Amino acid sequence: MTTLVLAEHNGQQIHNEVRHAVSAAQHWGQPVHLLVVGYQSEQIANQAAAIDGVSLVLHTDAQQFAHPLAEDVSKLIDTLVADYQVILAAHSSFSRNVLPRVAALADVAMISDVLEIQTDNRYVRAIYAGNVHTTIQSRDAKQILTVRGSKFSAADLNGQAEITDITAPEAFTKTRWLSESRIETDRPALNSAKVVVSGGRSLGSAEKFDALLNPLAEKLGAALGATRAAVDAGYAPNEIQVGQTGVTVAPELYFAVGVSGAVQHTAGMKDSRIVVAINQDPDAPIFQVADYGLVADLFDAVPTLTNALS
Amino acid sequence: MKILVAIKRVVDYNIKVGIKTDGSNVDIDGIKMSANPFDENAIEQAIRLKEQGKADEIVAVSIGSSANQDVLRHALAMGVDRALLVEHDAEVQSLEVAKLLQSVAEKEQPDLIILGKQAVDDDAGQAGQMLAAILNYPQGTFASELTIENGEAIVTREIDGGTETLALQLPAVVTADLRLNDPRFVKLPNLMQARKKPIETLSASELISELTPRLSLIKVAEPPQRKAGIKVDTVDALLQQLRTKEGIAL
Ligand SMILES: Cc1cc2nc3c(=O)[nH]c(=O)nc-3n(C[C@H](O)[C@H](O)[C@H](O)COP(=O)(O)OP(=O)(O)OC[C@H]3O[C@@H](n4cnc5c(N)ncnc54)[C@H](O)[C@@H]3O)c2cc1C
Ligand SMILES: Nc1ncnc2c1ncn2[C@@H]1O[C@H](COP(=O)(O)O)[C@@H](O)[C@H]1O
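As given, the protein sequences belong to chains A and B, one line each in that order. In terms of the working numbering, the first sequence opens at residue 1 and continues consecutively. In terms of the working numbering, the second sequence opens at residue 311 and continues consecutively.
Honestly, I wouldn't trust all of these hints.
Simulated crosslink set (BS3-like; lysine-lysine; CA at most 25 Å straight-line) [what the hints assert, rightly or not]:
(1) K326(B) - K537(B)
(2) K151(A) - K537(B)
(3) K360(B) - K194(A)
(4) K541(B) - K219(A)
(5) K555(B) - K360(B)
(6) K312(B) - K194(A)
(7) K312(B) - K364(B)
(8) K555(B) - K194(A)
Hints in this document: simulated from the structure, not taken from any laboratory. All figures in this text were calculated on a predicted structure; none of them were measured in a lab.
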């Protein structure tokens with residue numbers, strides 16, 4: 001039997017997370033196939049073929065996949081499902097949308113956001129906003145899961161897998177794609193950045209959020225993040241919310257600026273290697289997960305810090 | 311138009327759950343329970359659609375023991391028209407939830423089904439997509455906007471790095487993000503009235519005979535704790551630590 005990894009991409013570039021998903025897939029010791037769905041996506045298929053440990057790239061190129069819908073992608077995977085014992089992907093908004101649909105079509109109980117894969121279809125995953133880790137065992141013959149990228153190493157890029165084209169089933173016509181809006185940024189992607197600077201509600205306004213955190217992030221080559229309170233207050237876009245219901249990050253260095261440290265926030269950042277917290281309240285819970293805590297007014301500390309950086 | 315809203319009863323999100331001493335499960339005896347926060351967004355959106363004249367009936371459904379009546383009363387107090395309890399005393403996982411909701415949908419024939427994007431206890435985030443799959447309905451997950459226009463559901467979805475907008479032919483399944491709306495507070499008189507309203511009850515085993523969860527719980531544990539850090543007094547001291555002790559070039 002074989003393992004299938006669903007590859008996400010943005011039309012130009014295969015996501016870095018896919019390499020982590022491919023190493024997770026090696027657990028089963030079976031050939032790993034990578035599925036690329038897109039439109040005019042030949043370069044993505046080529047990038048996929050270069051990932052070490054992939055023996056075959058299945059490539060579907062069809063107009064309906066210019067903006068892939070869960071309805072269409074799951075229909076496609078359903079035509080392949082019988083050939084695979086394991087189907088997995090990195091835990092992203094794309095796979096979270098698609099794979100539960102695939103699982104239900106295959107009558108399989110899916111496992112979301114796996115932290116560790118053990119023998120005999122046992123998995124460790126986080127529940128209750130990361131407050132508890134559970135070990136569960138699947139009794140299904142087929143395994144369908146998403147994995148947390150940061151918990152698995154990235155596969156190298158020396159591969160030379162074969163690419164084979166497969167045809168898409170007829171498009172699902174009951175859903176129409178209308179539009180999308182993406183924020184353009186020169187900054188590294190939040191979920192793969194080496195440094196992340198996150199701000200909380202205490203920044204007080206969108207203007208101050210930008211004025212204080214942008215120069216710091218700029219100097220650090222960091223991605224910006226935010227708490228839900230900052231997002232709700234309109235200081236930062238929803239896409240950069242870190243936490244239980246937002247993005248999970250695990251950078252080398254994480255700055256939490258004026259962030260209280262609610263569990264829903266720490267669920268998304270506590271795997272960072274080094275955490276620095278700046279908060280004026282010495283009892284703020286964020287200090288319990290911070291390696292370095294600076295008790296200070298952020299409006300003084302952040303500009304001082306930015307200036308002190310070379 | 312008729313809307314079905316699915317509500318899970320979960321440990322209140324403000325509470326930090328503990329673990330049983332033998333590690334067999336979480337310890338939630340006597341702990342405050344509430345409607346899953348995302349499901350409150352789902353209820354709120356259904357009520358707004360009704361207030362806009364787009365919907366005429368809202369049915370709330372919860373799967374669980376008779377204790378789940380409290381979250382259904384909360385939904386009634388917020389403004390849903392009917393409440394349905396699918397009684398099942400054992401744990402149900404997302405796939406069984408989807409199958410039970412499918413049977414309910416077949417009985418109730420809703421035009422729109424709204425769920426939460428994830429339950430804050432299991433953090434699975436699956437039931438909506440699974441339900442859409444087995445009904446072969448369009449799905450609009452992680453919705454931060456939802457309107458009904460010309461008989462279609464227009465859904466703006468939160469995706470990595472931005473948003474995307476879809477038009478779904480009805481009947482459809484939508485899952486609510488927290489960004490969808492701010493759920494209204496329940497007024498005491500409404501809660502008093504909701505106490506008197508009937509809750510219709512169905513038994514899960516009547517809807518589906520085979521209801522064994524496929525995922526078995528082996529154990530639960532505390533996640534690895536981060537080592538205690540240190541406090542520094544100044545920005546200089548902070549940089550000193552990061553540069554010399556952690557060896558980061560800054
Ligand atoms: C279902 C659910 C899911 C959620 N998911 C998420 C999620 O994914 N991510 C997330 O972040 N939150 C999430 N939340 C919200 C979470 O519970 C907290 O409310 C939120 O993280 C708090 O954000 P905050 O730290 O910016 O604000 P606050 O809690 O208001 O904290 C502000 C902090 O700033 C400090 N401060 C104030 N002024 C200054 C100053 N001048 N200088 C220095 N420090 C200062 C204060 O001491 C305080 O600690 C969720 C909530 C729910 C119910
Ligand atoms: N026991 C339940 N009863 C009613 N609805 C549920 C139940 N479990 C899950 N749901 C719905 O499915 C959504 C997603 O749940 P999950 O897949 O567990 O994350 C929730 O937000 C609810 O809307």
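Evaluation of the provided hints:
no., hint, verdict
1, K326(B) - K537(B), "holds, 20 Å"
2, K151(A) - K537(B), "holds, 19 Å"
3, K360(B) - K194(A), "violated, 47 Å"
4, K541(B) - K219(A), "holds, 23 Å"
5, K555(B) - K360(B), "violated, 60 Å"
6, K312(B) - K194(A), "violated, 48 Å"
7, K312(B) - K364(B), "holds, 9 Å"
8, K555(B) - K194(A), "holds, 18 Å"
Hint compliance for this structure: hints 3, 5 and 6 are broken, all remaining hints hold.
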